[in-house]
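> Now for the letters of each chain:
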Amino acid sequence: MTVLDRGEAEATPREGWRSLLEPSRLVGAAAVLGGFAVWEFYGRSLETNIFFPTFGQMVVSLIDLLQTPDFWDAYRQTLVPFVYGWISAMAAGVLVGLAIGLSQTIRQLTAPYVAFLNALPVSVLVPVVVVALGIGMVARSTVVFLFAFFEVLLSTAAGVRYIGDDIREMARSFGMGPLRRFRRIVIPGAMPAIMAGLRIGTGRAVVGMVVMELLLVSVGVGRLVSRFRARFDSPALYALVFTLAVFGLVALAVMRRLEVRALRWRGED
Amino acid sequence: MIEVKSVSKVFRRNGVTLEALRDVTFEVGTGQFTSIIGPSGCGKTTLLKMMAGLIAPTSGAIEIEGEKVTGSGPDRALVFQHFVLLPWADVLTNAAFGLEARGVAKSKREQIARAQLEQVGLGGFEAHYPHELSGGMQQRVGIARALAVDPDTLLMDEPFGSLDAITRQVMQRDLLKLWQETAHKTTVFVTHSMDEAALLSDYVVIMDTRPGRVAQIIEVPFPRPRSETLTESSEYREFTARLSHQLEKMQRVDMERETTQEAEGSSDG
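As given, the protein sequences belong to chains A and B, one line each in that order.
Be aware that the first sequence starts at 1, since it is given in my numbering, and climbs by one per residue.
Be aware that the second sequence starts at 270, since it is given in my numbering, and climbs by one per residue.
These are computed hints drawn from the structure, not numbers from a lab.
Check before you lean on any hint, since a few could be wrong.
As the list claims (entries may be wrong) - Derived CB-CB ranges, DEER-like:
no., chain 1, residue 1, chain 2, residue 2, range
1, A, G28, B, G392, 32 to 38 Å
2, A, F182, B, H514, 48 to 54 Å
3, A, V131, B, K375, 40 to 46 Å
Claimed, not checked - Here are a few chain A residues that face chain B, going by a calculated C-beta distance under 10 Å:
no., residue
4, W39
5, M170
6, G177
Please read all numbers here as calculations on a predicted model, not as lab measurements.
Backbone N, C-alpha and C define an ideal beta-carbon position, used for all residues, glycine too.
With the hints as extra help, turn the sequences into a complete structure.
Put into C-alpha cells, the structure is as follows:
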C-alpha cells in the first residue's frame, strides 16, 4: 500500500529540474544508457573498430571534434542555408496554407499541383534544383525549403478547413467582419494544426539539410562526413552523426515548447 | 414585431430537392416569448436561422419591425443548441464576443460582459475556459454573450436540448426568471419540449413535417409573472398533456406516411 502511494505521489507533476526525476523520464534515461552500454560491449567484441567504433571511442572523438574550428565552420556553412530554407518554408507554408484553406477558388486552382508535389519524394527534386540553381546558397536553401514547405502548407490548410461551420456561423450571426473573423476565428482555430505543421516541418527541414549536404557537392557538415568516411575515421563519423541527431532533437524540442505555449488554453493534457 | 410572411424554403443538394418549409406565416409580437415546437425535420431551426439572417428563404419574406431581413443585424442575437463557444478564449472573452464583433472597445465590452455573466450566475468564472465548465454553465455563457449585445430580439435554437434533465429544468427556471425580471425581450425559442414551451412562452407555434408548415398556434393561458411552481399546478399539467398529445399524433401520422411511402417505393423498384 505504501509503495503504491509513493508511486502515485511521484507521478504528480513537479516544478523545474525536479521533473527530470519523474519515473517516465527515468525509464527513458535508463533506456538510453542501456543502448550506450550495448553499443560499448558490441564495439569491444569486434576485432577491429575501423568500421564500427565503441561508444567510448565515439565520445572521445566527439570531444576532440568539438574543439576543432573545422567542425564549427562546417556547421556554420550548413546552418545558414538551413535557417534561410527553414524560415521561408515556415512563413510561406503558413501563408499559402491559409490562402488555400480560406478560398475555395485558390484551393481548386492549386489542388493538382499540391497533389502532384505531395506525391513526389522530395529527394527526387534535388537534381532538378541543382540543374536549375547550381549548388550555391540559393540551391541549398531551396532544398531545405522544399522538404519543409508542403508539410506546413497541408497542415495549415487542413486546420483552416476544419474550423467548425458552427463557429463560422456564430461569428457571422454576430455580424463579425471578415478581417476580425480572420484574426479572432481563423488564426486561433487553425493554430493547433499550424503548430503541428511547423513542428513536423522543422523535422523535415533537418532531413532536407542532411540530404542537401550528402547529395550536393558539399561544403559544410557533408564535407566533413566525406572526409571522415574517406579516412575510415569511424569514431569521428559517428560523432558527427551524433551531433546531427542532437541538433534535430533540440530543434524539435524548441518547436514542441512553442507549440505548448501557443496552445496553453487547452490546459494540461 | 416579427412577421413571417408565407416563407418557403427548398434545399437542393446533389440533385435531390427537399422542401423544408412551405408557406409558413405567423407573427411574433414585440415583447412576447414565442416557442416553435414540432417533430425533428419540421424546419424549425431553418426558420430561426432565417430570422437571424443566416439563411435566405426561397420565397416569401421575414420582416422585423416592418423591415425585411436580408442578413444578420445588431437587433438580433442567437443562442445555439451546442453553445458554440470559442474553446481557445476564456469565459469573459466569449461573453464579450458579440460586442467585439461590433467593434466595441475592450474595456467597455468587458465591463458589459462581466455584468451579464453576473446576471446569468457565472460571476467569478471569467477566467475559466469553456472546457472547464459543465454544459449548463457553457450555455449560460452563450446566453450572456447574446444578452451582452442588448438585442431587441433573442433567437434561441433548442438552447437546452443537449443538457441533462435536471440541468435543463434549472436552466428553464432561471431563464424564466431572467426573462421576466429584465425588460421583456422579443424571444423566439425553438424546442422539442412541451413542458419547456408551456412554462416559458406566451404563444406556441406547432409545426408539422414534410414539408415543414404551421399546424397550429396556441396561446399559453398562464398569467405573468409566472413562478416555477406553475409546473406543479393541474392546469399546467393538463395543458402540456394536450400539447403532447397533439405532437404525438402528428409524429405518428408522419411515421405512417413514411412507411407507406417506403412500401410504395419498394413496389416501384
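> Taking the hints in turn, state whether each one holds.
Results for each hint:
1. A:G28 <-> B:G392: 32 to 38 Å: violated, 45 Å
2. A:F182 <-> B:H514: 48 to 54 Å: Cβ of F182 of chain A to Cβ of H514 of chain B: about 51 Å, so the range 48 to 54 Å holds.
3. A:V131 <-> B:K375: 40 to 46 Å: violated, 55 Å
4. W39: Given a least distance of 45 Å, the restraint on W39 of chain A is violated.
5. M170: holds, 4 Å
6. G177: holds, 8 Å
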